[in-house]
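Given these sequences and hints, build the entire structure.
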Amino acid sequence: MQEIYEKIVELIHDKKEFVLAAVVSAENSTAGKTGFKMVILPDGKFFGTVGGGVVEKDVIDTAMNLFRTRKPFFKTYTLQEGDETSLGMVCGGTLSVYMEYVGPKQQFVIFGAGHIGKKLYDITMLDDSFDVIVSDKRADFANEEMFPKASIFVNSNFYETVRNMSLNDGAVVVIVTSGGEDDPYILKALYEKNRRYQYIGMIGSLNRRSKCFEKAKELGINSDFLDSIYAPTGIAIEGDTPFEIAIAILAEIIAVRRGAVDKIKTEKKIHDEGTELFKS
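For the sequence shown, the numbering used here begins at 1 and goes up steadily by one.
Incorrect hints may appear among the rest.
Said to hold, decoys possible - Cβ-Cβ distance ranges computed for the label pairs, FRET-style:
| no. | residue 1 | residue 2 | range |
| --- | --- | --- | --- |
| 1 | G220 | T34 | 50 to 60 Å |
| 2 | K149 | L206 | 29 to 39 Å |
| 3 | D140 | I237 | 47 to 57 Å |
| 4 | M125 | S166 | 13 to 23 Å |
For the record, the hints were derived by calculation from the structure and aren't laboratory data. The beta carbon of each residue, even a glycine, is placed where N, CA and C say it ideally should be.
Structure, rendered in structure tokens:
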């Protein structure tokens with residue numbers, strides 16, 4: 001048991017995310033006993049046990065979902081005859097397991113400090129669960145006066161900016177740059193970091209997406225990574241002001257974050273070439 005606590009302290013110190021699972025009640029003959037604990041990492045590795053067998057496998061599978069939803073979870077397992085434990089035995093007991101996501105504040109990275117980027121920041125600041133990072137080429141846009149509670153990166157080279165960022169697994173990334181010529185290089189740097197991003201969204205028309213992805217492939221980004229990107233970003237609510245577009249983007253992020261959808265794919269999104277005014 002001491003090893004579990006030491007591992008938890010280590011992970012928190014290193015700002016790593018994990019899921020903590022604990023047996024809160026066990027009745028009759030079950031391999032898992034009240035107080036058993038297990039720590040599960042995003043890659044599926046784990047420390048400790050909740051009793052092994054089919055229950056433990058289900059707990060690990062559930063933990064993978066919690067890394068996305070970040071919502072506490074409680075489940076009672078009824079082990080009827082025929083359910084094998086890790087010891088190859090059968091039992092008729094019940095086991096209740098509580099699971100909780102633990103990790104640093106989720107990073108919310110905004111590339112582009114223009115009208116939409118500012119609205120995204122303003123709305124996100126209403127929720128204390130995000131660590132917001134803002135990046136732009138323009139110091140007169142990305143500064144402490146405009147984004148007082150954000151970590152700010154100003155550099156004429158977005159690729160180098162991303163390379164110098166410390167990004168965690170589970171980060172949310174929204175690309176709302178001016179013009180879009182930098183977008184393939186932002187994607188390249190994100191791809192090379194090899195993180196498990198919860199969401200990457202990119203603003204623009206379908207034509208802008210097509211040009212960006214074509215260049216991204218030339219830069220060596222594989223199709224699986226590109227397929228994971230929400231582009232154009234935002235649910236289809238026909239919004240055309242910076243505020244409405246920001247709301248639509250955040251709504252899509254919430255849907256992904258809470259597991260309401262695996263992937264939102266619509267050909268008609270909230271923005272098209274006519275919204276270029278708000279991308280600067």
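Verification of the hints:
For the pair G220 and T34, the supplied restraint of 50 to 60 Å holds, since their beta-carbon distance comes to about 51 Å. Here the CB-CB span from K149 to L206 is close to 34 Å, well matched to the stated 29 to 39 Å. Against the hinted window of 47 to 57 Å, the Cβ-Cβ separation of D140 and I237 comes to about 31 Å, which falls outside the hint. Checking the proposed 13 to 23 Å range against M125 and S166 shows it holds: the Cβ atoms sit about 21 Å from each other.
The structure shown violates just one earlier hint, number 3.
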